[in-house]
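Asks: Spelled out, the chains give:
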Amino acid sequence: MKLDECEETVLSKMAEMEGEPPLISEEQTARHLIGCEKCRMEIKRQQAAANLFRGQKRRADEVSLWSEIEKRISDKPIVRRDFFLLLGAILVIYKLLEMIPSQDLGFLFKFVPIILIAALFFFFKENPFKINTELKVEGELQ
Amino acid sequence: MDDLAALRNCIDGDKESFRYLVERYQNQAVAHATAVLGNREDAMDAVQEAFIDAYRALGGFDFSRRFYPWFYVLLRNRCFKMLASKGKRGRVQRLEDMEILAPGPEVSIEESLSLEAALLALSPEERELITLKYLDGLSYQELAELLQIPKGTVMSRLFYARKQLQAELS
Chain A
1 MKLDECEETV
11 LSKMAEMEGE
21 PPLISEEQTA
31 RHLIGCEKCR
41 MEIKRQQAAA
51 NLFRGQKRRA
61 DEVSLWSEIE
71 KRISDKPIVR
81 RDFFLLLGAI
91 LVIYKLLEMI
101 PSQDLGFLFK
111 FVPIILIAAL
121 FFFFKENPFK
131 INTELKVEGE
141 LQ
Chain B
1 MDDLAALRNC
11 IDGDKESFRY
21 LVERYQNQAV
31 AHATAVLGNR
41 EDAMDAVQEA
51 FIDAYRALGG
61 FDFSRRFYPW
71 FYVLLRNRCF
81 KMLASKGKRG
91 RVQRLEDMEI
101 LAPGPEVSIE
111 ESLSLEAALL
121 ALSPEERELI
131 TLKYLDGLSY
141 QELAELLQIP
151 KGTVMSRLFY
161 ARKQLQAELS
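Protein chains in written order, with the working numbering: chain A, 1 to 142; chain B, 1 to 170.
No lab work stands behind these hints: they were computed from the structure.
Please note that a few of the clues may not be correct.
To be verified - Restraint ranges, calculated between C-beta atoms of paired labels, are given here:
id : chain 1 : residue 1 : chain 2 : residue 2 : range
1  : B       : 1         : A       : 64        : 17 to 27 Å
2  : B       : 166       : A       : 88        : 49 to 59 Å
3  : A       : 40        : B       : 102       : 27 to 37 Å
4  : B       : 1         : A       : 34        : 52 to 62 Å
5  : B       : 167       : A       : 92        : 57 to 67 Å
6  : A       : 26        : B       : 169       : 23 to 33 Å
7  : B       : 169       : A       : 64        : 32 to 42 Å
8  : B       : 24        : A       : 115       : 40 to 50 Å
9  : B       : 1         : A       : 68        : 17 to 27 Å
We put the beta carbon where it would ideally sit given N, CA and C, even for glycine.
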């Protein structure tokens, strides 16, 4: 992030006021603020905005979501990372076997990957390769 | 039971351990999702979906991390997806409902109402950041970890969020 001197000073002063390590030294900040009325005003405004939250708390009601979640997870398997490693290893072994020129494994051998994919569909109870078109980049919401 | 032990038990198929995690974090998660979505009902749906996402993804959990920051990423995704699909940004809430703030005894109701209205007028990202900072008191480092952005970005986004908040109030 490239900051100009004013931004750097304001961010640094705010960090200091909030108990965080400042971006620049106190002397640098003081030197800039002496000659910059705009930054002095901005710091006051920023501090006032932060002070609005004094005495405010986040509303946190008691909720109970477990019964609904329990129903929904009863048929959902946990997808373990080693499951994908195993699947990858099986597919690599399959490919190596298929590449042996002297080996004639027959027509039915060609169906092995299809059977594996069908088993995946069954295991996940949904299409694991489905592309979710609803996903949006955060910035697109603006 | 601690979170990591519960997570290990969950992966071994113990659903009661997942219940422990849900019950431990559900209130906090709903409060956080409410700040993003602007209303509690949608927040509860988002949290429910996020816990189901979390359950399915437990197999890939990195045990060097803490549970809630990991879960929060899933929750944020659910919230922003919900905002995108519903095309709303939490600005339609009735003020008298006070979904985000719970004013303490030393603050007037009017002040809280106007702050809540100003918060609802911010973008969901600004509202999320500013409430995590000033209602939960998270440090810049904790915010960076939770939102998965650099610390410098946290500082500058906070700067613009405070500026926007002041503008909404004036």
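Asks: Taking the hints in turn, state whether each one holds.
Replies: Going through the hints against the structure:
no.: 1; hint: B:1 / A:64: 17 to 27 Å; result: 19 Å, holds
no.: 2; hint: B:166 / A:88: 49 to 59 Å; result: 54 Å, holds
no.: 3; hint: A:40 / B:102: 27 to 37 Å; result: 34 Å, holds
no.: 4; hint: B:1 / A:34: 52 to 62 Å; result: 57 Å, holds
no.: 5; hint: B:167 / A:92: 57 to 67 Å; result: 58 Å, holds
no.: 6; hint: A:26 / B:169: 23 to 33 Å; result: 30 Å, holds
no.: 7; hint: B:169 / A:64: 32 to 42 Å; result: 36 Å, holds
no.: 8; hint: B:24 / A:115: 40 to 50 Å; result: 42 Å, holds
no.: 9; hint: B:1 / A:68: 17 to 27 Å; result: 22 Å, holds
In summary, this structure violates none of the numbered hints.
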